[in-house]
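Engineer: Sequence:
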Amino acid sequence: MAERFLLAAWILSGWLILSLCLERQYHFVNQMMNWTEAQSYCRKRHTDLATIGSSEDLNLLFNSILSTGYNSDTWIGLHSKINWTWSDGLKRSNPEYRNWEKTDGDPDFISASQFCVCIGDSGGWWDYNCTAEFPFICNKGTQELPEFVVVNQSMSWSNAQRYCKQNFIDLANIGNSTENQQVQRLVPTGYWAWTGLYRSENIYWSDQSSFTFSNWDRVSNLINSEVICGTTSTEREAKWKFLSCETRLPFVCQRVMERVVKRVVRLKLKASSSVNLSDPQLKTKLLQKLQEELQDKGQSPPPLKFIVQPDGKVFFKEDKKKTEL
4 MAERFLLAAW ILSGWLILSL CLERQYHFVN QMMNWTEAQS YCRKRHTDLA
54 TIGSSEDLNL LFNSILSTGY NSDTWIGLHS KINWTWSDGL KRSNPEYRNW
104 EKTDGDPDFI SASQFCVCIG DSGGWWDYNC TAEFPFICNK GTQELPEFVV
154 VNQSMSWSNA QRYCKQNFID LANIGNSTEN QQVQRLVPTG YWAWTGLYRS
204 ENIYWSDQSS FTFSNWDRVS NLINSEVICG TTSTEREAKW KFLSCETRLP
254 FVCQRVMERV VKRVVRLKLK ASSSVNLSDP QLKTKLLQKL QEELQDKGQS
304 PPPLKFIVQP DGKVFFKEDK KKTEL
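Last residue of the sequence shown? That's 328 in my numbering, and every number before it is there in order.
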């Protein structure tokens, strides 16, 4: 009988909600350090460099910095790994060959949205938003001995990649200045064309929080390095950008605390008249089942407990007449 009672509670356990909320406190540190030094400082004295996971966090951090009167670049916990890769994955004899357009300071990663590379009719390369539509250059030779062809249709980078793989070999892998000149001659005058160079997003928070909220600035940043690190400033309304991690700046640490949000939920259960609802073992088993069910649904609540009524009881019989009324 007890197991039947527990089964009824199992079915209704979805009504019970307990959750843990993270509360962040931000601390501005007016000491000039590079990003790695700032991270180490925050981990020793607080929790970590600042994570901003919501608009509420953003406002709290903004006000924390604003109250100090400081308005220039400040380190936060953002960082990104740069892993430029060719679409065909081939390691050429000079895999690190690059011909970035120097006049515009590329790659500049404007708004942290430029993960694909195009070539202009001057032969220079730009990082750009992968959803933009341009003509593109395919390889119709072999991976080791490429022969380039232009496809004068405007497509996004991923669609251009798919087209090249279906009709030729792949998007162009440019391994040296000679090949770059060959590709340059194919680019329609006044246009850009996609090449096969791209990189993964690889944007992280120092404390390993999920990257789900953003507040990017549209300023250009020189990022021709393996790792770049994030800053914010009240002067730019707490928007974010990347700089060289070796730059020496003040920074914001965070201290994270867990706050339990409790909700009292009334469970309506059906049990046989022979079940002793005051049995301590029965109530313990019921709480264990509820706890397990919540964990299976991805929640991590603190230990559950029943609310004891003034008469000392946890459960009471429902008055059917009142319910019908």
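Hints may be right or wrong, so weigh each one.
Unchecked claim - Each pair of labels, with its calculated beta carbon distance range:
1. 161 with 206: 14 to 22 Å
2. 148 with 240: 26 to 34 Å
3. 148 with 194: 43 to 51 Å
4. 206 with 62: 36 to 44 Å
5. 28 with 222: 26 to 34 Å
Hints were generated in silico from the structure; no laboratory data involved.
Remember, predicted model here, so these are calculated numbers, not experimental data.
For every residue, glycine included, the Cβ atom is placed at its ideal position computed from N, Cα and C.
Engineer: Hint numbers the structure violates, sorted upward?
Structural biologist: Of the numbered hints, 2, 3, 4 do not hold.
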